[in-house]
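Visitor: Residues per chain are reported as follows:
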Amino acid sequence: AQSVTQLGSHVSVSEGALVLLRCNYSSSVPPYLFWYVQYPNQGLQLLLKYTSAATLVKGINGFEAEFKKSETSFHLTKPSAHMSDAAEYFCAVSESSGSRLTFGEGTQLTVNP
Amino acid sequence: NAGVTQTPKFRVLKTGQSMTLLCAQDMNHEYMYWYRQDPGMGLRLIHYSVGEGTTAKGEVPDGYNVSRLKKQNFLLGLESAAPSQTSVYFCASRAGRGLSNEKLFFGSGTQLSVL
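So the sequences go chain by chain: A and B. Here the first sequence is numbered in my numbering, starting from 240 and rising by one per residue. Here the second sequence is numbered in my numbering, starting from 10 and rising by one per residue.
No lab work stands behind these hints, which were simulated from the structure alone. For each residue, glycine too, the CB sits at the ideal point set by N, CA and C. Please note that the accuracy of each hint is not assured.
What the hints assert, rightly or not - Below 30 Å or equal to it, Euclidean Cα-Cα: the simulated DSSO-like pairs (lysine-lysine) are:
#	chain 1	residue 1	chain 2	residue 2
1	A	K288	B	K66
2	B	K23	A	K288
3	B	K112	B	K23
Stated by the list, open to error - Across the chosen pairs, the derived CB separations fall in these ranges:
#	chain 1	residue 1	chain 2	residue 2	range
4	B	L31	A	A256	23 to 33 Å
5	A	T244	B	K66	47 to 57 Å
6	A	G247	B	T95	21 to 31 Å
7	A	S253	B	D35	39 to 49 Å
8	B	N82	A	Q284	17 to 27 Å
9	B	L31	A	Q281	30 to 40 Å
10	A	K297	B	S89	40 to 50 Å
11	B	S93	A	T349	25 to 35 Å
Please build the complete structure, drawing on both the sequences and the hints.
Guide: What follows is the structure, encoded as structure tokens:
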């Protein structure tokens, strides 16, 4: 069975500060890992994905995530937060070539001026 | 290109009423999914389909039925609505299997309230 845990349901940062959203996964086989973002009243959009190539993955809007097998983690970072980054972020896992994606509980990011 | 379209966007039902949510995609995707989103619980998979004429249960299938009679459409039915089914429902699709087909495309959601 596969699962993800997002540490912290709410994260608040100042504009220009580092963003760090935490995700740990559990999977019995090599996983595919994803970060999705949801802006208010919209569906989810893919930020980035890890599919067993490079362990450091770069996504859209300046976000990146690093796959660490020893820590079973896939944390999302951005060096400098922007007001437009305020949204809910979801980590997700699927088994390699699997048809099902399992989402974490989500982390609401607030960016303060 | 419309992508994934969900109808309706909002609905209020009384307990025991039935309804059908429609999801349509114009990207010729093989896989389609129905999720529900509840505060603090993320997205939970209700049912999914890996091709026309096929359906499978997800994490929380009870109280819902689905059909995929046409490749572009995936219907979610509630036969007898309950207050516990008050939620935001999202449909998603993806091209199919393989490394280049992992990305999910989401609709904008249906907000359902059951009184």
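Visitor: The structure should be examined with respect to each hint, and the outcome stated for every one.
Guide: Do the hints match the structure? See the list:
1. Between K288/A and K66/B the CA atoms are separated by roughly 25 Å; this keeps the pair inside 30 Å, and the hint holds.
2. Taking the CA atoms of K23/B and K288/A, the gap is near 41 Å; set against the 30 Å cutoff, the hint is violated.
3. This hinted pair does not check out: K112/B and K23/B have alpha carbons roughly 36 Å apart, beyond 30 Å.
4. Judged by the Cβ atoms, the range 23 to 33 Å given for L31/B and A256/A is violated: they are separated by roughly 43 Å.
5. Range check, T244/A to K66/B: Cβ separation about 23 Å, and the 47 to 57 Å hint is violated.
6. Range check, G247/A to T95/B: Cβ separation about 26 Å, and the 21 to 31 Å hint holds.
7. The given range of 39 to 49 Å is respected by S253/A and D35/B, whose C-beta atoms sit roughly 42 Å from each other.
8. About 23 Å separates the C-beta atoms of N82/B and Q284/A, a value consistent with the hinted range of 17 to 27 Å.
9. At about 19 Å, the CB distance of L31/B to Q281/A disagrees with the hint of 30 to 40 Å.
10. Between K297/A and S89/B the CB atoms are about 48 Å apart, so this pair conforms to the stated range of 40 to 50 Å.
11. For S93/B and T349/A, the Cβ-Cβ distance of about 30 Å falls inside the hinted range of 25 to 35 Å, so the restraint holds.
In this structure, the hints that do not hold are numbers 2, 3, 4, 5 and 9, in rising order.
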